[in-house]
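Trainee: Sequence:
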Amino acid sequence: MAIKDPFNTHAEALQKGDTHSAEKIFDHFSKPIYAFFMARIRHKETAQDLTQEVFLKVIKSIDQFNRESGNFTAWIWQITRNSAIDYFRLKKPTYLADLPNEGINITEERAKSDESSKVREIMDIVEKFSTEERELFELHFIADMSYTDLARVTNKTESALRVAIHRLRKKLIPYLNK
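Each step along the sequence shown adds one to the number in my numbering, with nothing skipped, and position 71 is 167.
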């Protein structure tokens, strides 16, 4: 059973030139997309640029989105993933662990040295996960995506995602208890 995506309606309105729908889409997706890029790239300005590029691509290609056969949330996240892949293909940074750790969905005030090093440690552990596990971790924990939205994006059931997230937590526990 396919999960109905409420953003399909906004996508259809955007196709007709409704700027209010564009604002709704941006308001809903901008923070999780930015957090997704921060988790992967760890550079504030680059994450902002890539987030902006995603929305430009959405606006330019909105006519290609088919509401009847498509899921807008999955479509925008596919654009986001492809943008990250394109960035790494062109940029080819050394290692993510060597890049500065700016933010990753925590406020500057809370980013004390101990907490910042713990976040870096967690992200270094997550880098060792499979691509699918890493993406699931980033979408759920970093981009704060709900199980419902994850189900739309990944075409998996919410119960399967709950099990996968539980397994990710179990996988992290031995590292965190050191």
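Since the hints were made in silico from the structure, they are not lab data.
Among the hints, a few may not be true.
Pairs of lysine-lysine residues, derived as BS3-like cross-links and limited to a Cα-Cα distance of at most 30 Å, are as follows [to be verified]:
(1) K224 <-> K156
(2) K252 <-> K224
(3) K112 <-> K127
(4) K140 <-> K153
(5) K120 <-> K153
(6) K153 <-> K100
(7) K266 <-> K214
(8) K224 <-> K140
Ranges between beta-carbon positions, derived for each pair [said to hold, decoys possible]:
(9) K127 <-> S213: 34 to 44 Å
(10) A256 <-> S126: 39 to 49 Å
(11) S126 <-> S226: 35 to 45 Å
(12) R258 <-> I221: 17 to 27 Å
(13) A109 <-> S213: 30 to 40 Å
(14) Y243 <-> N162: 36 to 46 Å
Note that the structure is a prediction, hence the values are computed from the model and not measured.
Cβ atoms here follow ideal geometry from the backbone N, Cα and C, with glycine treated the same way.
Trainee: Next step is simple, just say for each hint if it's right about the structure.
Mentor: Now the hints, each set against the structure:
1. K224 <-> K156: violated (35 Å)
2. K252 <-> K224: holds (23 Å)
3. K112 <-> K127: holds (25 Å)
4. K140 <-> K153: holds (20 Å)
5. K120 <-> K153: holds (16 Å)
6. K153 <-> K100: Holds, at about 23 Å.
7. K266 <-> K214: holds (17 Å)
8. K224 <-> K140: Status holds; Cα separation ~23 Å.
9. K127 <-> S213: 34 to 44 Å: violated (24 Å)
10. A256 <-> S126: 39 to 49 Å: Since the Cβ atoms of A256 and S126 sit about 28 Å apart, the hinted range of 39 to 49 Å is violated.
11. S126 <-> S226: 35 to 45 Å: Hint violated: Cβ distance 28 Å, outside 35 to 45 Å.
12. R258 <-> I221: 17 to 27 Å: holds (21 Å)
13. A109 <-> S213: 30 to 40 Å: Roughly 45 Å apart at Cβ, these two residues miss the hinted range, so it is violated.
14. Y243 <-> N162: 36 to 46 Å: violated (25 Å)
In the structure shown, a violation is registered for the earlier hints numbered 1, 9, 10, 11, 13, 14, in ascending order.
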